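Heads up: the protein sequence lines correspond to chains E and R, in order.
Just so we're aligned, residue 1 is where the first sequence starts under the working numbering, counting upward by one.
Just so we're aligned, residue 333 is where the second sequence starts under the working numbering, counting upward by one.
Since the hints were derived computationally from the structure, they do not count as laboratory data.
A few of these clues could be false.
[Stated by the list, open to error] Residues from chain R shown here face chain E by an in silico Cβ test under 8 Å; the list is partial: (1) ILE448; (2) VAL453; (3) LEU467; (4) ILE468; (5) ALA489; (6) ILE492; (7) VAL584; (8) ILE590; (9) GLY593; (10) MET625; (11) SER628; (12) LEU633; (13) VAL636.
It should be emphasised that the depicted structure is a prediction, and the values quoted were computed from it without experimental measurement.
Think of the CB as a built atom: it goes at the ideal place given N, C-alpha and C, for glycine as much as any other residue.
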Amino acid sequence: MTDTARQIPDRLQSRASRALRSWETLLLAVAVAIFIVNSFASPYFLNAWNLSDATFNFTEKAMIAFAMALLIVAGEIDLSVASIIALASTAMGLAVQHGAGTPELVAIGLGVGLLCGAFNGFFVTVLGLPSIVVTIGTMSLFRGISYIILGDGSFSGYPADFAWFGQGYVFWVITVELVIFAIIAVIFGILLHKTNFGRAVFAIGNNPTGALFSGIRVARVKFILFLLTGLMSGVAAICLTSRLGSTRPSIALGMELEVVTMVVLGGVNILGGSGSIPGVVIAAFVMGLVTFGLGLLNVPGIVMSIFIGVLLIGVIALPRLLAMAGGKRRAR
Amino acid sequence: MLRLIPLRETILFGAILLVLALISTRFAGFSTPTNLARVFNDTAPLIILAVGQMVVILTRCIDLSVAANLALCGMVAAMVNVALPGLSIPVIIVLATGLGAVLGAINGILVWKLAIPPIVVTLGTMTIFRGIIFLISDGTWVNSHEMTAAFTAVPRAVFIGLPVLSWAAIAVVALFAVMMARTPFGRSVYAVGGNPHAAVYTGINVGRVQFLAFVLSGALAGLTGYLWVARYAVAYVDIAGGFELEVVAACVIGGISIAGGIGSVGGAVLGALFLGVVKNALPVVNISPFWQMAISGCAILIAVAFNARAGRTKGRIILKSSEGKA
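Bound-form chain E, shown alone (with noise of 0.2 Å):
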């Protein structure tokens, strides 16, 4: 599968790669066709305060795929970021148990992260082993710490002041994590776009090999990828545990897969080497809309997911597909 994995254009070698432009451009088209059609199928969509609420649907997937389709570009990947989440979600019910105040459980929420991330980044980049087995693995381990300490209980009594950051409002219908969603999306998009960190991270995707002969640190950047992860998916697990003001272990089950899907259909390209941030923001909100439009409409959860699924394999074949019917012009 490796050698077909180059023919994707790099922003590196053609800044205003075309493919990738038209990418964004026609996400954002789909965007707000869906916008469009929603707010004609349901009258309850264009409300501004149901539009905040939609917001949740995406903000904190979106927060771990902006770290996600670094680690993804650098041609890692990262399967156990909602096991991140229950993990640090546990350990701040834990610490909330011994009557800890909402400083110290931000505190613990990005620390249980970082210290996730690092498990996977040593395994990854010190043992040398692949992400996709190693991930695997600690998707199993993290959870099951949680489902040690928890049982089939839960843990709830979190601080007042926790509340903030998953039900606070900064003004009007601007919910906290929309703005923490921006500001993560707006360091993510300089980090990867503006600086030699970012180049370096492409360089990797591209060719590991040519990466390290040109001096990158190859190893030491695949590190720091697996802890912004790691540190994102605490941010998550901060967020979505103050939303719901409750920690199981099945927290988060399953969303390393929408995460994924967020980041592939942003144009992200999953055997590494190229994709935007700009992409991800856009296919954060048009996931978003989709599941909110369709939770209008009375369409189950699991019914969504078969959007998301199709929507994921869709969105890849696709190009394939047009390029195949186009004659075959472009020879891989």
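Position chain R relative to chain E; hints supplied.
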């Protein structure tokens, strides 16, 4: 390299014996032949799926949709049984296996013809298959009293001392052991995983071999779907939820390299048995079943680290270009 494979299996076999010995010191009844047969029977679905997954992983792919495939075929088998109680069980088994093969073929076509990475394809089809179960069943359960007695009796029917479920696993293992070692297809699976470029030059159609691997994995998932639903006498949307991870775990623990080309049927079986023994031993030694998830996670990490060490001693490439991405 050929010497390493039996060694790895010997170590795993030793680990299983060690676990059994440790349990026996606290609970002598666990290691009796009757109970071991029960453990084997309980692990049979995992063994069947792990063998199918092994073929897929050997070709540098991964099939995360097996559990959803299993659940969909099981649900269809149960609904067919309810709708047409007169239909004989062999027909239902063929139907479930065939449907599984078709679902596997969908994965295979997307990987072969559109060159979409297998992990993306099967993550997508995993949710799609689960969603389809909800659509066809309307979210309701098919319970034991709705199924015919013959439908639920087959996996439990005892035949020469073992239930049919166990015999199904033994038959699949024997069939695949012969296929992998003695047929051109089996050898081409190793060739594709070992070096796809070289495989092309020896005249092997890499995509087609991967496609067939998905079909086989799907067919086994379909077969297991019937066995699972009939054994537990219930079908609903979430049966075998998350089971795909256990299947991959069994393969990784059994020494099947996720980078393709290395692994054996014996390894997959031992990997599955290891998880099965641990799962059945936990309640016996009075450890909460909630420990199982973390233990299998640890087992995956230890196994993959160990296998990488074992592979490294023979002086492999130093700079791994693209392992683990597919």
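Handout entry: Hint status (Cβ of R:ILE448 to nearest Cβ of chain E, threshold 8 Å)
Key = holds, 5 Å
Exercise for the section: For the hint on R:SER628, just tell me whether its beta-carbon gets within less than 8 Å of chain E. Expected result: Since chain E brings a Cβ to about 5 Å from R:SER628, closer than 8 Å, the hint holds.
Handout entry: Evaluation of the interface hint that places R:VAL584 against chain E, nearest CB under 8 Å
Key = holds, 6 Å
Handout entry: Interface hint compliance - R:LEU467 to chain E, C-beta minimum distance less than 8 Å
Key = With Cβ-Cβ at 7 Å, under 8 Å, it holds.
Problem - Hint check, R:MET625 versus chain E [nearest Cβ-Cβ separation less than 8 Å] - result: holds, 3 Å
Handout entry: Interface hint compliance - R:VAL453 to chain E, C-beta minimum distance less than 8 Å
Key = holds, 6 Å
Problem - When the least beta-carbon distance from R:VAL636 to chain E is tested against 8 Å, hint result - result: With Cβ-Cβ at 5 Å, under 8 Å, it holds.
Handout entry: Hint status (Cβ of R:ILE590 to nearest Cβ of chain E, threshold 8 Å)
Key = Holds, because the Cβ-Cβ distance from R:ILE590 to chain E comes to roughly 5 Å (cut-off 8 Å).
Handout entry: Restraint outcome when R:GLY593 is required to lie within 8 Å of chain E by C-beta distance
Key = Violated: closest Cβ of chain E sits about 13 Å from R:GLY593, beyond 8 Å.
Exercise for the section: Please verify that hint: R:ILE468, Cβ, nearest Cβ of chain E, below 8 Å or not. Expected result: violated, 12 Å
Exercise for the section: Double-check R:ILE492 for me: the hint is only fine if its C-beta lies closer than 8 Å to a C-beta in chain E. Expected result: violated, 36 Å
Problem - Interface hint status, R:LEU633 versus chain E (Cβ within 8 Å) - result: holds, 4 Å
The structure fails hints 4, 5, 6, 9 (numbered hints given earlier, in ascending order).
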